[in-house]
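Asks: Line by line, the protein sequences give chains D and Y.
Residue numbers for the first sequence follow the numbering used here, beginning at 1 and rising by one.
Residue numbers for the second sequence follow the numbering used here, beginning at 202 and rising by one.
Worth flagging that the hints you see were computed from the coordinates, not collected in a lab.
Since we're looking at a predicted model, the values are computed, not measured.
Accuracy of the hints is not assured; some may be wrong.
Stated by the list, open to error - Straight-line C-alpha distance at most 20 Å; calculated SDA-like pairs for lysine to any residue:
(1) Y/K359 / D/Y162
(2) D/K148 / Y/L279
(3) Y/K384 / Y/L399
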Amino acid sequence: MVSMANNTNLIHPLWIRITHWVNALAVVILAMSGWRIYDASPFFPFVISGQITLGGWLGGAIQWHFAAMWLLVGNGLIYLTCNIVSGRLWRKFLPWSPRAFLADVLAALRGKLSHDDLSHYNMVQRAAYLFVILDSVLLVLSGLVLWKSVQFPFLRELLGGYEAARREHFLAMAALVAFAGIHLLMVALVPRTLLAMIRGR
Amino acid sequence: MIKKPSRQLGFNGELLLKDAIKDMGRHLDQPTRRVFLQRSLSLGGLSLLSGCAVVDESSVEEALMKVSRFNDKVQAWLFDPNRLAPTYPDSMIARPFPFNAYYGEDEIREVEEESYRLEVTGLVADKHAWTLAELRAMPQTNQITRHICVEGWSAIGKWGGVPFASFLRRVGADLSAKYVGFKCADDYYTSIDMPTALHPQTLLTLTYDSQPLPPRYGFPMKLRMPTKLGYKNPKHIQAIFVTNTYPGGYWEDQGYNWFGGS
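Same shape as in the complex, but just chain D (with noise of 0.2 Å):
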């Protein structure tokens, strides 16, 4: 795997490709079962349209949403393993400084950022990488507390408690909904993108 990593022509080395649309597909499962298992008692003024969660009813998103999250994180595990082994974690992502993200920031709204380099992440790159892995891990975390409440009663209180953490384990799902939209956004404008993604240069 470093190895390969470490092949000028690759840009996103095999692991990185399957841990990838792995997660990929465990995220959309989770998302739309998980948008029916909220329509069955809101705790905003709205319900998610039924055409576009997963299960058919509550009993059944709840099967797919108990699957899916096996997936989620054994996958997430892998991925994080392997990115802290290989030391990727730390060259693609660090340093990060404010100023370089701000600059980053406004060279992408004029149309200045540089693609050229697929396998360089830019700062604001990393801070959205760096983001979603963290906004997981609160998914993962708030999705314990709702599982297992009475088991993981240091995680409950940390959250402050099984109400709170049904709003948060939300929250981080619109979060990352939100930053998926931006990340198929900016694949449709950098196609190129999703060809490294599939076949690794």
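Add chain Y to chain D, keeping to what the hints say.
Replies: For chain Y alone, coordinates are given in the frame of chain D:
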């Protein structure tokens, strides 16, 4: 248990439709209902896997059921028999505490106190049928805990009654058996694992908020477990049996997770 009929969002067409579908399901007989649920379940699966014609719907459903059984095992493993659910002060009790069942409030069953007998069968030494007076004569305890519904909402309530563990010991139940099953006057049925049955907060509940359990909360008796979701807490219990044969449950047979722990 499950349904939450009191929550009205009248303007919302989607919810109305959902309610209508729930109603329809209620009036179908079991086999029809299963087919109906299978179809609705696979509709979701199809929309996800469209373009992937090789996926067989029933095999998707079978796989999901297998994961659900696996999740039962994980939950049994995670379950700590000594870990208590949080308790709350009187001031946090939800008033009124929401009514919940697989039917509406107009269909609440009335059970007569005089003729009521609790049947106890299966792997127990003492199979005599219990009167309410006998149950009330046993040592009682109270708890204020959070009821969590599978739909996501939760409400804090105050239940009192006999610790189920002392009842099981009193009737000489085989405590190494796998399941305790329940049959109810409202035709509901469910079953739980023995470790949860013996949990110190599992209560053969006779009172709500220090008053005899009203019909809407399951008169004459319900099983209250703050370590399990609402649908695992049967009301109007008529029969309790200890067994090693998986008894299933009303919602569990339709796809809700059997362990249903929290």
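Asks: Compare the structure with each hint and give your call.
Replies: Cross-check of the supplied hints:
1. Y/K359 / D/Y162: holds, 18 Å
2. D/K148 / Y/L279: holds, 9 Å
3. Y/K384 / Y/L399: holds, 19 Å
Of the numbered hints listed earlier, not one is contradicted by the structure.
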